[in-house]
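Chain residues, written in single-letter form:
2 protein chains.
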Amino acid sequence: MARTKGDHEARRRDVSEAVWQVMATRGFSGLTLRAVADQLRATTGLLTHYFPNKRALVTYALDLLEERTASRPRRPAGEGIEALRAALLDMLPLTEETTSTNRIWVSSWDQALSDPDLTDAYARKYAQSRATLRDRVAAAQELGDLPPGDPEHIAAGVQSFVLGLVVQALFAPSAFTPSRQIELLEEHLAAIAVPRPLEDPH
Amino acid sequence: MARTKGDHEARRRDVSEAVWQVMATRGFSGLTLRAVADQLRATTGLLTHYFPNKRALVTYALDLLEERTASRPRRPAGEGIEALRAALLDMLPLTEETTSTNRIWVSSWDQALSDPDLTDAYARKYAQSRATLRDRVAAAQELGDLPPGDPEHIAAGVQSFVLGLVVQALFAPSAFTPSRQIELLEEHLAAIAVPRPLEDPH
Numbered sequence: 001m002a003r004t005k006g007d008h009e010a011r012r013r014d015v016s017e018a019v020w021q022v023m024a025t026r027g028f029s030g031l032t033l034r035a036v037a038d039q040l041r042a043t044t045g046l047l048t049h050y051f052p053n054k055r056a057l058v059t060y061a062l063d064l065l066e067e068r069t070a071s072r073p074r075r076p077a078g079e080g081i082e083a084l085r086a087a088l089l090d091m092l093p094l095t096e097e098t099t100s101t102n103r104i105w106v107s108s109w110d111q112a113l114s115d116p117d118l119t120d121a122y123a124r125k126y127a128q129s130r131a132t133l134r135d136r137v138a139a140a141q142e143l144g145d146l147p148p149g150d151p152e153h154i155a156a157g158v159q160s161f162v163l164g165l166v167v168q169a170l171f172a173p174s175a176f177t178p179s180r181q182i183e184l185l186e187e188h189l190a191a192i193a194v195p196r197p198l199e200d201p202h
Numbered sequence: 001m002a003r004t005k006g007d008h009e010a011r012r013r014d015v016s017e018a019v020w021q022v023m024a025t026r027g028f029s030g031l032t033l034r035a036v037a038d039q040l041r042a043t044t045g046l047l048t049h050y051f052p053n054k055r056a057l058v059t060y061a062l063d064l065l066e067e068r069t070a071s072r073p074r075r076p077a078g079e080g081i082e083a084l085r086a087a088l089l090d091m092l093p094l095t096e097e098t099t100s101t102n103r104i105w106v107s108s109w110d111q112a113l114s115d116p117d118l119t120d121a122y123a124r125k126y127a128q129s130r131a132t133l134r135d136r137v138a139a140a141q142e143l144g145d146l147p148p149g150d151p152e153h154i155a156a157g158v159q160s161f162v163l164g165l166v167v168q169a170l171f172a173p174s175a176f177t178p179s180r181q182i183e184l185l186e187e188h189l190a191a192i193a194v195p196r197p198l199e200d201p202h
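Protein chains in written order, with our numbering: chain S, 1 to 202; chain V, 1 to 202.
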């Protein structure tokens with residue numbers, strides 16, 4: 001029986017899912033053709049049709065991570081500080097799905113830092129994310145939800161806070177439950193929402 | 001000529017330095033017996049005397065990271081919020097040495113998240129670091145440098161902020177220069193130092 005386009009697509013989806021599962025449980029250091037083959041209950045021979053080598057597998061995995069992150073469901077943005085809060089909540093590992101995605105991102109940093117092109121690509125990605133946050137900070141300032149101050153700076157601050165919280169929650173999910181993560185984020189937003197007193201000249 | 005204890009110690013130091021250099025430039029994903037041997041201009045055969053397998057090399061590397069972190073020079077603590085600031089500045093990649101250490105820590109997260117025992121060990125390590133920060137937060141509250149509030153919570157917040165800033169600075173050192181990192185940290189400390197207004201009941 002001839003193989004149809006549908007078969008081919010279904011097989012590609014299976015391969016993607018297997019790559020994802022391996023990354024979510026073993027990280028990039030555990031991402032091998034053998035591990036993906038085992039997850040698929042297939043032979044490594046079959047996989048070399050998709051990935052001629054380890055590098056092709058890693059590139060595919062990074063693209064898959066990007067694609068799933070871009071297409072994840074997002075909270076409705078709302079206005080002012082609500083829109084900023086929504087963007088930050090979307091980044092936290094509050095569900096099984098977002099925990100997997102974050103775990104894979106963190107695990108990819110080792111690879112990303114050891115390859116100059118990837119380091120640049122990651123730096124651009126984070127700069128892009130910071131630009132989105134900056135726009136939301138500026139909109140919140142317009143509405144008076146946030147005090148004046150360089151929105152680029154404030155965005156860099158909240159991005160740092162959330163990234164670090166992601167890392168802590170991945171290592172200690174019982175200490176950083178979803179409700180505690182949200183509480184910590186709320187306190188951070190409350191802190192930056194308070195107008196800073198004028199500098200004491202002394 | 002018989003080899004002396006001094007030779008042996010000197011060789012151990014060379015091996016440690018080679019392992020460190022490989023981790024700092026290639027991360028844990030690039031840490032192989034071959035890479036360490038190349039760095040040492042030695043044979044992998046010689047290295048198997050020190051590391052019978054990859055796992056032994058990784059364990060050694062993690063111990064070395066821990067040891068170098070524990071023995072790093074630290075800023076004098078000072079009192080109140082100064083002591084908190086000093087602890088946080090000690091964590092940032094502000095010099096070549098602390099950039100390497102941080103880069104190796106971040107790179108080790110992939111390994112650490114894929115091994116449950118290591119995940120627990122890392123969670124304990126971060127909890128320990130949080131406990132130190134909590135004590136400094138509490139001391140700063142005693143002196144009136146920080147407003148009241150759960151010191152454990154405030155410590156978790158500053159730890160998240162600094163960890164995320166470390167990651168950003170590693171990916172984009174030109175955007176997150178040492179002076180910008182310090183500026184962002186100062187703004188964060190200023191934000192948490194401001195007393196929060198009473199909750200609006202509405």
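In case anyone wonders, no lab produced these hints; they're calculated from the structure. Remember, predicted model here, so these are calculated numbers, not experimental data. Heads up, some of the hints might be wrong.
Because identical chains share one entry, a pair is satisfied inside a single copy or across any pair of copies.
Said to hold, decoys possible - Derived SDA-like pairs: lysine to any residue, alpha-carbon spacing no greater than 20 angstroms straight-line:
1. K125 x P173
2. K125 x A172
3. K125 x L65
4. K125 x R72
5. K54 x L118
6. K54 x E17
7. K54 x A35
8. K54 x D38
9. K5 x L65
10. K54 x R26
11. K54 x G30
12. K125 x S174
13. K54 x T32
14. K54 x A18
15. K5 x Q21
16. K125 x P147
17. K54 x V194
18. K5 x E66
19. K125 x T101
20. K5 x E17
21. K54 x R34
22. K125 x A175
23. K54 x R130
24. K125 x T177
Consistency of the hints with the structure:
| no. | hint | verdict |
| --- | --- | --- |
| 1 | K125 x P173 | between (26 angstroms within a copy, 14 angstroms between copies) |
| 2 | K125 x A172 | between (26 angstroms within a copy, 11 angstroms between copies) |
| 3 | K125 x L65 | within (13 angstroms within a copy, 29 angstroms between copies) |
| 4 | K125 x R72 | within (16 angstroms within a copy, 32 angstroms between copies) |
| 5 | K54 x L118 | within (16 angstroms within a copy, 26 angstroms between copies) |
| 6 | K54 x E17 | within (17 angstroms within a copy, 29 angstroms between copies) |
| 7 | K54 x A35 | both (12 angstroms within a copy, 18 angstroms between copies) |
| 8 | K54 x D38 | within (16 angstroms within a copy, 22 angstroms between copies) |
| 9 | K5 x L65 | neither (24 angstroms within a copy, 51 angstroms between copies) |
| 10 | K54 x R26 | both (15 angstroms within a copy, 17 angstroms between copies) |
| 11 | K54 x G30 | both (12 angstroms within a copy, 14 angstroms between copies) |
| 12 | K125 x S174 | between (30 angstroms within a copy, 15 angstroms between copies) |
| 13 | K54 x T32 | both (7 angstroms within a copy, 16 angstroms between copies) |
| 14 | K54 x A18 | within (15 angstroms within a copy, 26 angstroms between copies) |
| 15 | K5 x Q21 | neither (24 angstroms within a copy, 49 angstroms between copies) |
| 16 | K125 x P147 | neither (27 angstroms within a copy, 36 angstroms between copies) |
| 17 | K54 x V194 | neither (50 angstroms within a copy, 52 angstroms between copies) |
| 18 | K5 x E66 | neither (25 angstroms within a copy, 53 angstroms between copies) |
| 19 | K125 x T101 | within (15 angstroms within a copy, 24 angstroms between copies) |
| 20 | K5 x E17 | within (18 angstroms within a copy, 54 angstroms between copies) |
| 21 | K54 x R34 | both (10 angstroms within a copy, 18 angstroms between copies) |
| 22 | K125 x A175 | between (29 angstroms within a copy, 13 angstroms between copies) |
| 23 | K54 x R130 | neither (32 angstroms within a copy, 39 angstroms between copies) |
| 24 | K125 x T177 | between (27 angstroms within a copy, 18 angstroms between copies) |
Checked against the numbered hints above, the structure violates hints 9, 15, 16, 17, 18 and 23; every other hint is satisfied.
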